[in-house]
Structure formats: structure tokens, C-alpha cells
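With chain A fixed as given, assemble chains B, C and D onto it according to the hints.
Number of protein chains: 4
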Amino acid sequence: MEPETVSTSEFSFSHRLRVRWAEVDRQGIVFNGHYLTYFDVGMTEYLRAIGIPYPDGLLEYDGDLFLVKATVEYKSPALYDDELDCHVRIGRIGTSSLQFLFELRRGHELLVKGENIYVNAHPVTRTPAPVHKAVRDAVIAFERVAPQ
Amino acid sequence: MEPETVSTSEFSFSHRLRVRWAEVDRQGIVFNGHYLTYFDVGMTEYLRAIGIPYPDGLLEYDGDLFLVKATVEYKSPALYDDELDCHVRIGRIGTSSLQFLFELRRGHELLVKGENIYVNAHPVTRTPAPVHKAVRDAVIAFERVAPQ
Amino acid sequence: MEPETVSTSEFSFSHRLRVRWAEVDRQGIVFNGHYLTYFDVGMTEYLRAIGIPYPDGLLEYDGDLFLVKATVEYKSPALYDDELDCHVRIGRIGTSSLQFLFELRRGHELLVKGENIYVNAHPVTRTPAPVHKAVRDAVIAFERVAPQ
Amino acid sequence: MEPETVSTSEFSFSHRLRVRWAEVDRQGIVFNGHYLTYFDVGMTEYLRAIGIPYPDGLLEYDGDLFLVKATVEYKSPALYDDELDCHVRIGRIGTSSLQFLFELRRGHELLVKGENIYVNAHPVTRTPAPVHKAVRDAVIAFERVAPQ
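Residue numbers (the working numbering), protein chains in the order written: chain A, 1 to 148; chain B, 1 to 148; chain C, 1 to 148; chain D, 1 to 148.
Since the hints were derived computationally from the structure, they do not count as laboratory data. Keep in mind that the hints are not guaranteed to be accurate.
[As the list claims (entries may be wrong)] Dumping the calculated BS3-like pairs for lysine-lysine here, alpha-carbon to alpha-carbon at most 27 Å:
| hint | chain 1 | residue 1 | chain 2 | residue 2 |
| --- | --- | --- | --- | --- |
| 1 | A | Lys69 | C | Lys133 |
| 2 | D | Lys69 | D | Lys113 |
| 3 | D | Lys75 | B | Lys69 |
| 4 | A | Lys75 | C | Lys113 |
| 5 | D | Lys113 | B | Lys69 |
| 6 | B | Lys75 | D | Lys69 |
| 7 | B | Lys113 | D | Lys75 |
| 8 | A | Lys113 | C | Lys75 |
| 9 | B | Lys113 | D | Lys69 |
| 10 | B | Lys69 | D | Lys69 |
| 11 | C | Lys113 | A | Lys113 |
[Said to hold, decoys possible] Negatives, chain C to chain B, calculated, CB over 12 Å:
| hint | residue |
| --- | --- |
| 12 | Gly94 |
| 13 | Glu115 |
| 14 | Ile117 |
| 15 | Lys133 |
Glycine is no exception: its CB is placed at the ideal position from the N, C-alpha and C atoms.
The shape of chain A in the complex, shown without the other chains (with noise of 0.2 Å):
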């Protein structure tokens, strides 16, 4: 497993995070699903810094984010006590539907790799609602790359 250093020229966004003691497991790396808590908060900067803060920003649209998909792929583990950052952008926008893309690194070494597809839902019911146009536009401003 050679450590990828592909550019990230792509994301607009990143959040440095420090891997906790309390995340590193018997074999002194980070136990995989902390990762997904990484994502989480990642993905919570990225709105904090398109003028949507999670879940408030939503809520005043009547939409709420429900994960629907993720998908992570381990390339090298992360250690404790590493600081990581943790790049995050919107890939696609769907109907009601966002593709968020992750890659944590560690200086320019890619460790992980995330995928998560969260369908936009009306924050009492549940149900499948269209992005509100408010929020389609700022990530749009927002982001180097298109979303398609």
C-alpha cells in the first residue's frame, strides 16, 4: 500500500483535526470508524464555511441531511497524536440529493478516502425534499470544481 500524494488541487476546503488517544486501538491506529466521525466533522466546516452552518443553516429551508451511502477506502492509517487534514467538497447535487467527497491527509500523504451520499430530507417527516436553491447556489460559489 504506496502512499498516494495525488494532488488536491480540487478541494476548496479543508479542516485540520488531531487524532485522539482515545480513537487509536491495539494496533495504534485509528479504529475505522472514527474515521466516519472525522467526515462528520469535516463536513460540518465545509457547511460552517459556506454560510450554511449545520443544522440550523437547513432547518431555515426546511431540510435536513440523512446519509444514505459512505464508503471509505483505508490507504495508510492514521497514528495518534497525527494531525490531519481533512479535505471535504460536493461532488455532485442532486434533486435532493449531495455527494460529499473526504480525503485525509497527513501533510501531503493521502491516508483515506471518503464517499458519503446524503439525501436532503424535510427535517420533521423524513421525506425526500429538493435542495433548496439557497443552498445549491452557495455551494456552487463556493467550490473550485463544478459539482455536476
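The following block gives chains B, C and D in isolation, referenced to the frame of chain A:
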């Protein structure tokens, strides 16, 4: 730190759980904060056993429990895959508070002791409220050692 | 998102667990990353069931498992205190990799599906190593549906 | 439960962190066990600040820290997305033990107080060992209020 093997006869209840890989840190032992999760699971199962399932059984009487103080004594670490018995009892019932006592054991060996003090509060206003007579009676009927 | 109630007949194994309070978020549902913990518990119990307890049963053959890819499909959320059955099987055994498949169900209702691909690696060098014949044989003897 | 707004002038160190979605429970508040994770992060950053990074800075002197007692007082709950300051100081240095004191604040408001007592032990034998003079000196040089 000698293993304590005190009798647990004052406990009317215990719940078995197994240490998960994700709960064990790089020292090969359960991370200290997770014992509070074990105690929380123990409290949940205790309340189910006395017929006041958490939280609905309390909400029925306009009550909910909020932790105000936790004390944990770490005697000996729990290890990955250990089967543990979480012994639970209520040691004291105040007007609007409950003291839960916990002993986490691997077989006879006492690993961790805990004391959690909860205030009973109104679920919406979150202001202290008397422990309902039905709850008090259920505890007293269940406990081997009468709570103070 | 209709509940799926597909047969689980292709699974030889399941493990029951109960959702903890600490695992449920403000939406009242299990946080998405915790399903990977449930799958990890399921994998551990599966390996115990086939007689190769994790990790010692693998270390005996100079093997350990490292996750390289996880895919999780969220159909319907698990709620606090739900009793869930984590169905586990091995769908594919490669030269040095294992594909685990998971279905998390509440009764017949399918909540979450998962696929974890592990590479078998030497525990110290962490370089890929062939899955030992004893492990392969134990899996094949146990599985109702022959792994590919 | 009135907010306490006691001065933190006795603390030489604080570390800021933000509450994650995954740390908040169905009551909308941080699950009680996670405060021990926050304190652990605080301790890590404190040790980095005094030049004895955990654990390598201690291992150099054949020391490691094992928690023997934790006491947590919950005054007011932390909420999702709160920015918190984890104030950390060492209140007492015994022959082979260290008392860490924690205050978790949102602005001036004191939310949670903690006291963790660690024993310094040999990393392999895990038997108590004197706190090394270099560690003791680094603490004393750093602390505003001399540890007892």
C-alpha cells in the same frame, strides 16, 4: 494494585457485556471514558429490570435523570474481549436525586468501581423534581440492601 | 425509504446487540460511524464462531486483518434501545483478502447493509500475506453459501 | 444549577475544542463519558505545552501514566457545536502520582469540573515508579500556582 475480590452480595443486579475492539486503546486496555458508557448501559438494564425502562418509564411520571457527579475508581484494567459483569444498585434515594453504585468485575475480580449521582428533573424544564413514589417503590422492592 | 425485508437465508451467522444511549445522536438515531463498530463486533463474533478468535486465532498463522474498504448503505435508522441482529458472512476469499458482508436487522426489517474488504497481512510487517489454509477451510466449512 | 463563573486565574493552560455531532445524545447534550475524552485531550495538550509530549516524553524516563481515579462534576451541559475551553493544571505531585484538575468552560461559564489522579508507572511492568525529576521540574516551571 492488588485485585479486590470483595463479595458483591449487596448487589441485586448485574449485566454482562463484552469489551469491544474499538474500546481498547494503544496500551491494550479499555479507554477510561468508556467505563462511563458501561455504567450507562448497566443503569439502563437496571431500570428495565425494575420495570421503569429508561427513559419512557420515567417520562411517564414527568421525570428524567441528569448526571451531576461521576466518580470512577480504576483498580485493574479491562482488556479486549473480556466478559465483564456490571453490577448495579441504587445506594441512596434523596428527594430529587439517585445515587447509583457500580462494580465492574471480570469473574470475581473487581476492575472498576463507580458512583453516579443523578438529579431527577422535569424532562422539559430540566429543573429538579421529586423522585416519583412509583419509582421509589420499584427501587425499594427490588434492592436487597435498602437504599438510604 | 421502504423497509427491505429480504430473506437472510444466505447468512449462517448473526449476533444480537442492543443500541446504547451513547450511540444515538440528536436526531434520535444511531450516529453513522457506529455501524462500523457494530460490524466490527459482528466480525469478532463470527470469527469466534468459526474457531478462529480475533486476533489470536489469526496471529497463530502469522496473519492479521486490516480493513482496506468499507461500504455502508443506510436504509432505515436504528433507534435507542433497539435490539439488532448483525448478520455476518464471508462472501469472497481472495489470495490475501476477505470480503465480509453484513446486514443489520431489527426483526425482519433490514436497516443497514455493509461490505468490508480486509487484507490479510503479516502482523509485524503489515505486508499482504496469503490467507492461511486453516482459516480458509474454517470459513468454507461454516458458510451456508460457498464463498467465491 | 446556576452557571458558575469563577475565575480561572489559577490555570496556566487551556485548550480549545469544539463539540462534535457524534458526541451529543438524544437529550441534545454531550454524553457524560465524552468529557473524560475532552480531559484526556486537555492532558495531552498540557503535556505537549510543558515539553513532555505524551507518551514519548514520559517513556524517555521509563514512565507512563495510568488513571486510578476520575471525578467529574457536571454543572451545565455542553451542546452540539459549542466551542469549549478545557483548562488544565496539575494540582499535586506525589512521589509516584499526579493530580490533574480540569475545568471545561464555554466562555466564562463553567460547565464541567474534573479531577484525574494518575499513577506514574513503569511502561512495561506497570508498577508504580517515582515521577522523574525532569517531569516534576517541567511542571513546577510551568504552573502559575505551585503544585502541592
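* Asked: Against the structure shown, which of the earlier numbered hints fail to hold, in ascending order?
  -> 1
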